[in-house]
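**Student:** Start from chain A and add chain B according to the hints.
Protein chains in written order, with this note's numbering: chain A, 1 to 321; chain B, 1 to 309.
A portion of the hints provided could be inaccurate.
Covered by chain B, according to a simulated footprint, are these stretches of chain A (three or more residues, beta-carbon under 8 Å) [unchecked claim]:
| no. | stretch |
| --- | --- |
| 1 | 13-27 |
| 2 | 30-36 |
| 3 | 74-85 |
| 4 | 203-212 |
No wet-lab data here; the hints were simulated from the structure. Quantities reported herein were computed from a predicted structural model and do not represent experimental measurements. Here a beta-carbon is modelled for each residue, glycine too, at the ideal position from N, C-alpha and C.
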Amino acid sequence: MIIEIAKKEMRDAFRNKLFLSILAMLLVLTGVSIVLGSCQVKAAMDNYNNSISFLQSLGKAQLPPMPNLNPISASKGFVNYIGMIGALLAIVLGNTSISKEHKNGTLRLILSRGVFRDTFLNGKLLGNLSILAGITVLTGIITFVSLIAIGGAALTASEVARMLLFFGMSFLYMTFFTVLSMGIATVSTKGSRALLITVIVWLVLSFVLPQIGDTMDMDNQIPGGFFSTMGMSRDQEHQVLQKFKFYETLRDGVEEMSPTKHYERISYALLNVKPGFETNTPWEVVGLKWINLLGLLAPSVAIWLLTYIAFLRRENIYQSN
Amino acid sequence: MMNGIMTLARKEVKTAFRDNIFLIVTGLFILLSVISVYIGSSTKNEELQAYQDIVQLLKGQGAATLPSPPAIYPLSVLGNIVSYVSMIGAVVAIFLGFESFSGERNNGTLKLIAARPVYRDQIVTGKLLGGGMVIGVLLGIILIFNLVLFTFVSGMTPGADEIIRLLGFFLLASVYMMVFYTATMYVSIKTNDSAFGFMLMMIIWLAISFVLPQLAESQRNFAYALNAASQTVTQVPSDTSVSKMIELFSPAVQFQNIGKDLLQVIPETSDIGIGALLLKQIGAIVEILIPGLAVLLLSYKAAQKEEVI
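One chain only, chain A, in its complex shape:
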């Protein structure tokens, strides 16, 4: 029965114009960002090859080694698009799956058959997660193909593993917003209101909290960076920041409340956009960034459990809205 509900969910999603519009936008932007990133990788490789040819024409025997072009950082733009459009897509998916049943009166119909409430929720979640997994796989394939075909990059096994883990994190991030959206739609009596409330929560988590964190970042307040303007080295910067430990902890705490920040931090570490993780294996990066992984997983689990409790205990389920 769970599989039947999940299948229906997938069919319905691909009939939803809003979902399809956002999906098309996400895929176009993924394509654009990856093509632009791949072109940058290709330009860097061409520059290196031209330099080598020039040195060889001069008869130089000692040639510089190939610099680390970090081709997987071409997905940096994708992190931002998933952070915004991926989350919006997940919200629409989660909200529609519950609110349409309320609106059409089919919730009563389904539950009057031999379908338990938990089965109903599990089927809905399974269907939505399958769609999100499909989108993740599709964007992953676009990325890999673009990097190889346009960028001309030969990815190492470690880079492939890092990319796969990164797409796994993207899936977990979108899952959080689907679960949140389903949870709010389940508790709420009116689907459109639930959507508005979910969007407000999304705004707070994805834009407001990171923005407050940015505002509290001393280094962000002057163009070019405060510490750099002051001519401070990294060590000196850390020495000064030690004196503002409470302030920095508070700033970090504000950012830690945002799943978007957790997603961004672990993704940038995996994609080597943030320096300091180049020598680690992919699993070591995940180990070092376990708090961000927990920040993506734990809220989803907690919200899903609360949704279960709320739905199983709900008594006005057969009332029409």
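**Tutor:** Here is chain B on its own, set in the frame of chain A:
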């Protein structure tokens, strides 16, 4: 004629302030604007403290040359509000306008209004005026809070030039929010499904405020500057023709550029008079106004052709 418009406008204001969801978003907007002043002031104070610590540290290490203190212009303390208006202000305008027509249509009140001696263009004007009044009240509250907090927290008193710049910024903010309100109203006229219209505007907001600026960012050139004293490398971005072209399509970028200049966030333009500043940014101002005027005309046209009425 004016009576009908004013009655509709007043109704619009009342409806907005009775809507709990709108009140939550508005509360969030006001709260953020207020705390941004507090955070901005305290971060600047921490910076000055950090500067003193840096001087002490360098003196202790026997440094011969010491860095000059950071230049802090009074209004730059309020600089973070530019991001908040661009981000949450636009969303407030969307929340305000997404049911302006479709809500009335679904509740059956649009037919009722149209049955009265009110022309269709007056309905649009009334809604526009009502939305403008709500946005004006919100920004007025934020302006007062900002001025009071600015004086108390930073200990600085704004001069006439600073007040004119601040008023200029809030006028610009109201125009920017009205562009989003008008666009949302147009979508509301064209669609029967409020939720669809709302999400469509959220997608447009995302594209204008985040996607286009990030695409432009990815097309900038980055030069690397080496700081001889600290041996640190800083990335210095410079615009390219592609990045400038992409930014042309984003009123959010234009709003942020003018806003940062007005609130003295950019040191290079902080001493320029407001007249010269607005003249310098005239192109950006036009880029904000053109889409607003376009959707306004489209709204009048769509309302005239509305068949559901």
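**Student:** A separate judgement is required for each hint: does it hold in the structure or not?
**Tutor:** Here is how each hint holds up against the structure:
Residues of the stretch 13-27 of chain A with a Cβ under 8 Å from some Cβ of chain B number 5, which satisfies the need for three, so the listed coverage holds. Counting residues of the stretch 30-36 of chain A whose CB falls under 8 Å from any CB of chain B gives 3; the rule of at least 3 is met. Coverage of the stretch 74-85 of chain A by chain B holds [criterion: at least 3 residues with CB-CB distance below 8 Å; count 5]. Counting residues of the stretch 203-212 of chain A whose beta carbon lies closer than 8 Å to any beta carbon of chain B gives 6, which meets the minimum of three for the stated coverage.
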